[in-house]
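S.K.: In the order they appear, the protein sequences are chains X and H. According to numbering that gives the first Met the number 0, the first sequence is numbered sequentially starting from 0. According to numbering that gives the first Met the number 0, the second sequence is numbered sequentially starting from 0.
None of these hints come from the bench; they were simulated from the model. One or more of the hints may lead you astray.
Stated by the list, open to error - Simulated restraints on C-beta separations:
| no. | chain 1 | residue 1 | chain 2 | residue 2 | range |
| --- | --- | --- | --- | --- | --- |
| 1 | H | Y148 | X | V167 | 52 to 60 Å |
| 2 | X | N564 | H | G97 | 30 to 38 Å |
| 3 | H | H31 | X | K24 | 45 to 53 Å |
| 4 | X | V478 | H | H31 | 34 to 42 Å |
Beta carbons are placed, not taken as given, at the ideal position from N, Cα and C, and that holds for glycine.
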Amino acid sequence: MARINSPAELEAFRKEILSRRDPTKPCITLCSGTACHATGSKEVAIAIEEELKKQALADKVDFRKTGCHGFCEKGPIVVIDPEETCYLQVTPDDVPELITAALKEHTVVERLIYTDPNTGEKTAHEPEIPFYKHQKRMVFGANRRIAPQSLEDYLANDGAKALVKALVEMTPEEIIAEVKDAGLRGRGGAGFPAGVKWEFARKSKGEPKYVVVNCDEGDPGAYMDRSLMEGNPYGVLEGLIIGAYAIGAHEGYFYVRQEYPLALENLSVAIERAEARGLLGKNILGSGFDFTVKVHRGAGAFVCGEETALLRSLEGKAGEPRPRPPYPAVKGLWDKPTNINNVETWANVPLIINKGAEAFASIGTEGSKGTKIFSLVGKINNTGLVEVPMGITLREVIFDIGGGIPKGKKFKAVQTGGPSGGCIPEKLLDLKVGFDELTKAGSMMGSGGMIIMDEETCMVDVARYFVDFLTDESCGKCVPCREGLRQMHKILTRITEGKGKKEDIATLESLAETAVEASLCALGSTAANPFLSTFRYFKEEYTAHIDDKRCPALSCKELISYYINPANCTGCGLCLKNCPDGAIDGGKKKIHIIDQDKCTNCGTCFDVCPPKFNSVIKISGEAVPPPIAEEQRVIVRKKKGK
Amino acid sequence: MDTARIDQIIDKHDGEASALIQVLLEIQSENHWLPKAVLARVSEKLRVPLSQIQHIATFYKAFSLVPKGRHQVHICMGTACHVRGATRVLEKVQDLTGIKPGETDLELKFSLETVNCLGCCALGPVMEIDGKTHGKITPAETPDVIESYE
Numbered sequence: 000m001a002r003i004n005s006p007a008e009l010e011a012f013r014k015e016i017l018s019r020r021d022p023t024k025p026c027i028t029l030c031s032g033t034a035c036h037a038t039g040s041k042e043v044a045i046a047i048e049e050e051l052k053k054q055a056l057a058d059k060v061d062f063r064k065t066g067c068h069g070f071c072e073k074g075p076i077v078v079i080d081p082e083e084t085c086y087l088q089v090t091p092d093d094v095p096e097l098i099t100a101a102l103k104e105h106t107v108v109e110r111l112i113y114t115d116p117n118t119g120e121k122t123a124h125e126p127e128i129p130f131y132k133h134q135k136r137m138v139f140g141a142n143r144r145i146a147p148q149s150l151e152d153y154l155a156n157d158g159a160k161a162l163v164k165a166l167v168e169m170t171p172e173e174i175i176a177e178v179k180d181a182g183l184r185g186r187g188g189a190g191f192p193a194g195v196k197w198e199f200a201r202k203s204k205g206e207p208k209y210v211v212v213n214c215d216e217g218d219p220g221a222y223m224d225r226s227l228m229e230g231n232p233y234g235v236l237e238g239l240i241i242g243a244y245a246i247g248a249h250e251g252y253f254y255v256r257q258e259y260p261l262a263l264e265n266l267s268v269a270i271e272r273a274e275a276r277g278l279l280g281k282n283i284l285g286s287g288f289d290f291t292v293k294v295h296r297g298a299g300a301f302v303c304g305e306e307t308a309l310l311r312s313l314e315g316k317a318g319e320p321r322p323r324p325p326y327p328a329v330k331g332l333w334d335k336p337t338n339i340n341n342v343e344t345w346a347n348v349p350l351i352i353n354k355g356a357e358a359f360a361s362i363g364t365e366g367s368k369g370t371k372i373f374s375l376v377g378k379i380n381n382t383g384l385v386e387v388p389m390g391i392t393l394r395e396v397i398f399d400i401g402g403g404i405p406k407g408k409k410f411k412a413v414q415t416g417g418p419s420g421g422c423i424p425e426k427l428l429d430l431k432v433g434f435d436e437l438t439k440a441g442s443m444m445g446s447g448g449m450i451i452m453d454e455e456t457c458m459v460d461v462a463r464y465f466v467d468f469l470t471d472e473s474c475g476k477c478v479p480c481r482e483g484l485r486q487m488h489k490i491l492t493r494i495t496e497g498k499g500k501k502e503d504i505a506t507l508e509s510l511a512e513t514a515v516e517a518s519l520c521a522l523g524s525t526a527a528n529p530f531l532s533t534f535r536y537f538k539e540e541y542t543a544h545i546d547d548k549r550c551p552a553l554s555c556k557e558l559i560s561y562y563i564n565p566a567n568c569t570g571c572g573l574c575l576k577n578c579p580d581g582a583i584d585g586g587k588k589k590i591h592i593i594d595q596d597k598c599t600n601c602g603t604c605f606d607v608c609p610p611k612f613n614s615v616i617k618i619s620g621e622a623v624p625p626p627i628a629e630e631q632r633v634i635v636r637k638k639k640g641k
Numbered sequence: 000m001d002t003a004r005i006d007q008i009i010d011k012h013d014g015e016a017s018a019l020i021q022v023l024l025e026i027q028s029e030n031h032w033l034p035k036a037v038l039a040r041v042s043e044k045l046r047v048p049l050s051q052i053q054h055i056a057t058f059y060k061a062f063s064l065v066p067k068g069r070h071q072v073h074i075c076m077g078t079a080c081h082v083r084g085a086t087r088v089l090e091k092v093q094d095l096t097g098i099k100p101g102e103t104d105l106e107l108k109f110s111l112e113t114v115n116c117l118g119c120c121a122l123g124p125v126m127e128i129d130g131k132t133h134g135k136i137t138p139a140e141t142p143d144v145i146e147s148y149e
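Could you put together the complete structure from these sequences and hints?
M.R.: Listed below in structure tokens is the structure:
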């Protein structure tokens, strides 16, 4: 592989790549990220390769395995270019028909394209599918067009143009000014202006300086950084090199979460190839700027997403945070000036350099510019990653893009900002999405997880869940976090078990206040948010648990009972057969009864009772009706011919 | 794990003390746990006190100081899986295997772990066994899956 020594050589190489490519040649694109693999995209890939061989199409068609397309609910996804025909939930068995139709007969396989669940309307053209139509995919869009490890694909899609512009036409100060003017704020959680942070690091005394990519994405339900790292590693790398040049750093680190092996693999290959081509290393593109990067694997500690903890972990130590100031920009890795940003922030940098600060800042709200990638998960129809302009309302994200709540259930809340974020209720659905807007509502942007909750989600249990998570992940260094969270967890657990006391709320509030005021790092100081925000908006659920020993969402195991409604039971016997505790009494043509003394509330009967009968129900806060008399249990009417 | 292999891994990282976590990760992935003798060798070779290595090995979740079972069962307890009923799947697996998260059964058949998020939220609740994903799993389906492993 020849080294590229100048911007002119790079452009020549780009031209040469493009000259070999025919934009009208059909290309099959298959999503192949971690989540795609879980839905079977590896098997689909094998089937496509075999079928192309079988139909003698291998040299007439390109086949590209790309990163995540975002529409995870409907994966694996196959898109046929240049028509952009989108096929969803493709299985290996569908492949022969799909290839014949798309590439030989030039027709569309109707059963595999998007069908609107409400209207039944079918859409084959990818950009017109509602899930994609309302998005603005400036950062995430490249994922769909490139094979993650291919530098040629990256260059063919305008890759490295920002790098050339930065190195040749701009001074470091100009780059920093551009990023500042663009109003880019950190996508990892705190939302600190990236340009300001860069300036601090640049002006700090001390050599060498370091730049770090934080890919220790630990918030449950958030996986946009993984998908960017897996699907477009060159994009993140390009942002990092530009940042390093602006700050004056010659060494960089990627800190990749241990649970992300595919991200690690694609990134490592990208680094290797960028080095071989001279986009990394000594005298990059003849500019005189030297820069090398190393990859560090995390070892499984949520707190390492916090910057000071991450830096300690990079040094080979336990990832315990330390108080700031001094900030990493002054005293970071090995006590040297260090700039650390998360994956999505770095990935925005080439965009700003290419399009200019003004174009970037034209999107968004007063305080939040550009787009943000959210992962829309939980009780939502279209689970997946969505990139939307800042300032879009929660309602548009959840209903227009996300397709609303499954099974016709009622929306209750959206949880944003990860474990330290908060829950936003239905009445605030028209809230504009932005850093300051979400903070004002008692939640936060965080890394961009949006967990949708419906009427069956208990908000006290959600608070307990997050406090449990944070108790487990607390590094243990400071008392308000280590001990305070443990006490909060105990109290919240007690409440969900129906053992809550009147004074519990006051104790929770006091513990929360202490954690906010006195914790060492952001993990502790925001740890009370799950309780504070659920209490702020769903106080009545707390009082129902404490005063009435009732769980309004019918979710807390200790507060509910299962009961078979005699009017609906058909004696099908499914609950009896599946009950693991022998708590159900029944028989042929007999109304079934649950023995409340034997029942362990596992919920199996509720799961297996066919929805058309809907005879097993949950009861909370009131007594279970006594079992009906033996003589009334005989079911007289029964279906014929069974 | 023999000493020569440990030394090889350490040498790959130029024997630098700051590479301690990376060295332990490689040993963990090859050997599936970190026996005391291995840690002693790492301590000697990297010149890091054994107490500090113990600190690292217990601080980070990726490391195990006890042997692991033949099958690694990971139950995702991410928020998306939680609101979709992951707790009940976990309870079922605990019943079936007789072990709690972080434990391995006496026959060394299963090791059970909970994980914060596997990032396959469309498939929640998710159980992963030996890298294979079992998505949208219900407590009622769990016994068949667990019993299919020898």
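S.K.: Hint by hint, note whether the structure agrees.
M.R.: These are the hints, each one checked on the structure:
The beta-carbon spacing between H:Y148 and X:V167, approximately 58 Å, falls within the hinted interval of 52 to 60 Å. Distance hint check for X:N564 and H:G97: the Cβ-Cβ separation is about 35 Å, which falls inside the suggested range of 30 to 38 Å. Taking the beta carbon of each, H:H31 and X:K24 are about 47 Å apart, inside 45 to 53 Å as hinted. Remark: the range hint 34 to 42 Å for X:V478 to H:H31 is upheld by a beta-carbon distance near 36 Å.
This entry satisfies every hint, going by the numbered hints stated previously.
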